[in-house]
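K.L.:
Now for the letters of each chain:
Number of protein chains: 2
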Amino acid sequence: MNDPKTDAARPSEAHPYRIPPQSGTGFRLSKGDILVVIDPLGEQVSDLMAFAADDQQEWLSSGRTFDYNETIYLTSGHKLYSNRSRVMLTLLRDDVGRHDFLLTPCSTETFELLYPPGTAEGHPSCFGNLVQAFAPYGIQPDQIPTTLNIFMNVLVDEKGKVNIGPPISRAGQRLELRAEMDLIVGLTACSAEGSNNGTFKPIDYFIIPAGTRAEEG
Amino acid sequence: MNDPKTDAARPSEAHPYRIPPQSGTGFRLSKGDILVVIDPLGEQVSDLMAFAADDQQEWLSSGRTFDYNETIYLTSGHKLYSNRSRVMLTLLRDDVGRHDFLLTPCSTETFELLYPPGTAEGHPSCFGNLVQAFAPYGIQPDQIPTTLNIFMNVLVDEKGKVNIGPPISRAGQRLELRAEMDLIVGLTACSAEGSNNGTFKPIDYFIIPAGTRAEEG
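Protein chains in written order, with UniProt numbering: chain A, 1 to 217; chain B, 1 to 217.
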């Protein structure tokens with residue numbers, strides 16, 4: 001696990017952190033930091049979860065976020081809310097425009113219930129990777145709710161049916177998220193074949209510290 | 001708060017419990033019990049939340065439920081899953097066919113953010129009523145996630161926009177839910193003007209004990 005705050009050679013736009021395929025990581029964001037999540041090869045989902053750093057009973061809530069933004073499709077300008085109705089993150093630059101906040105991170109049970117027999121055993125999962133990412137912070141598996149599934153292409157038709165298509169993200173495209181409070185974040189390179197057009201690729205990220213981007217003041 | 005299990009004159013189809021307008025209640029369901037939720041006057045939403053009775057870290061999960069049913073519109077035959085991917089409830093008879101599992105229970109912040117100024121202060125809310133309903137069971141406010149909003153008419157258009165329409169439930173219509181494990185349930189008569197076509201009405205419910213309905217064996 002990396003901690004950007006204590007890393008002597010801080011990763012940057014030119015040299016981001018790389019999350020290997022089917023794995024995950026956890027780190028802190030300070031209020032005002034901008035997290036840049038990049039799909040380096042294209043068509044790769046990254047699940048994100050966040051808890052308030054000063055009280056881990058406050059967590060990123062899909063339901064509050066849908067309620068207050070009045071949309072299920074979130075993009076630049078939308079604010080992501082906690083279960084306590086406080087803004088945790090603001091979406092800034094969004095090169096892709098299609099992310100999911102309906103579905104839970106893939107887990108052993110996802111592969112048991114939705115994939116061909118035999119898929120589940122030993123299969124890495126975003127849920128398992130988030131459990132590992134959050135463990136050093138004392139966050140328990142049962143605290144992990146619906147994640148923001150960056151670059152995940154989930155469509156809901158007029159009858160409510162949920163269809164997962166290949167991500168529309170292309171190599172090098174990004175989503176930027178500004179932390180609006182101090183956060184503990186878990187981030188993965190998604191492990192589910194069906195969400196990533198059949199292949200497993202890495203996810204890159206770096207953090208622009210609060211106050212260092214020109215237009216942020 | 002009622003506890004049907006210890007009530008000498010058990011409420012029934014002819015004499016259900018009544019949840020007064022803008023209030024809520026909490027109770028236990030045993031595995032196999034059927035909870036019957038009735039909209040006695042029509043156009044009234046009822047928020048439902050459930051926790052496993054033997055381990056309150058297991059909770060009803062909208063995300064797992066959307067994932068495994070592959071739909072956001074749940075009706076007869078659909079199973080409602082916990083965060084641990086176990087079936088908590090099965091939907092049986094559904095007279096209405098439109099319920100919501102996207103949005104969080106209305107709260108003080110809902111009225112602050114989405115309603116005209118001055119609405120929030122002193123306004124009852126489903127969140128507040130669920131907090132009270134669950135308090136005797138030791139369930140904390142931060143544990144309450146997205147609820148199953150029975151009879152709530154939330155439509156998602158092709159651009160993802162969330163629109164709340166008047167409930168399509170008519171007087172006397174019902175939703176039946178069978179408990180698939182022992183549960184602690186919170187149930188409300190929703191307090192939000194915008195979800196109930198501008199008026200506040202009661203919700204009726206009763207419980208058919210496990211094994212007592214003929215077709216259930």
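Mixed in with the good hints there might be a few duds.
If chains are identical, the list can't say which one is meant, so a pair holds when it fits in one copy or spans any two.
[Said to hold, decoys possible] Heads up, simulated SDA-like pairs for lysine to any residue below, C-alpha to C-alpha not over 20 Å straight-line: (1) 159 / 73; (2) 159 / 70; (3) 159 / 97; (4) 31 / 20; (5) 161 / 73; (6) 161 / 40; (7) 31 / 178; (8) 159 / 211; (9) 161 / 98; (10) 31 / 173; (11) 79 / 30; (12) 159 / 22; (13) 159 / 71; (14) 31 / 131.
Note that these hints are calculated values from the structure, not bench results. On a predicted model such as this, the values are computed, not experimentally measured, just so you know.
K.L.:
Each of the hints needs a verdict: does it hold here or not?
P.N.:
Each hint, compared with the structure:
1. 159 / 73: This pair counts as both: shortest intra-copy Cα distance 17 Å, inter-copy 8 Å.
2. 159 / 70: Both. Shortest intra-copy (19 Å) and inter-copy (11 Å) distances satisfy the 20 Å Cα cut-off.
3. 159 / 97: Cα proximity of residue 159 and residue 97: across copies only (11 Å, versus 23 Å in one copy).
4. 31 / 20: neither (27 Å within a copy, 43 Å between copies)
5. 161 / 73: Both ways: residue 161 and residue 73 sit 15 Å apart in one copy and 8 Å across, limit 20 Å.
6. 161 / 40: Cα proximity of residue 161 and residue 40: none, with 30 Å in one copy and 30 Å across.
7. 31 / 178: within (8 Å within a copy, 45 Å between copies)
8. 159 / 211: For residue 159 and residue 211, the Cα distance exceeds 20 Å both inside one copy (45 Å) and across copies (34 Å).
9. 161 / 98: Intra 17 Å, inter 14 Å, cutoff 20 Å: intra and inter.
10. 31 / 173: For residue 31 and residue 173, neither the intra-copy (24 Å) nor the inter-copy (49 Å) Cα distance is at most 20 Å.
11. 79 / 30: So residue 79 and residue 30 pass the 20 Å test inside one copy only (17 Å; across, 40 Å).
12. 159 / 22: neither (32 Å within a copy, 31 Å between copies)
13. 159 / 71: both (17 Å within a copy, 8 Å between copies)
14. 31 / 131: Close neither inside one copy (24 Å) nor across copies (30 Å); limit 20 Å.
In summary, the numbered hints that this structure violates are 4, 6, 8, 10, 12 and 14.
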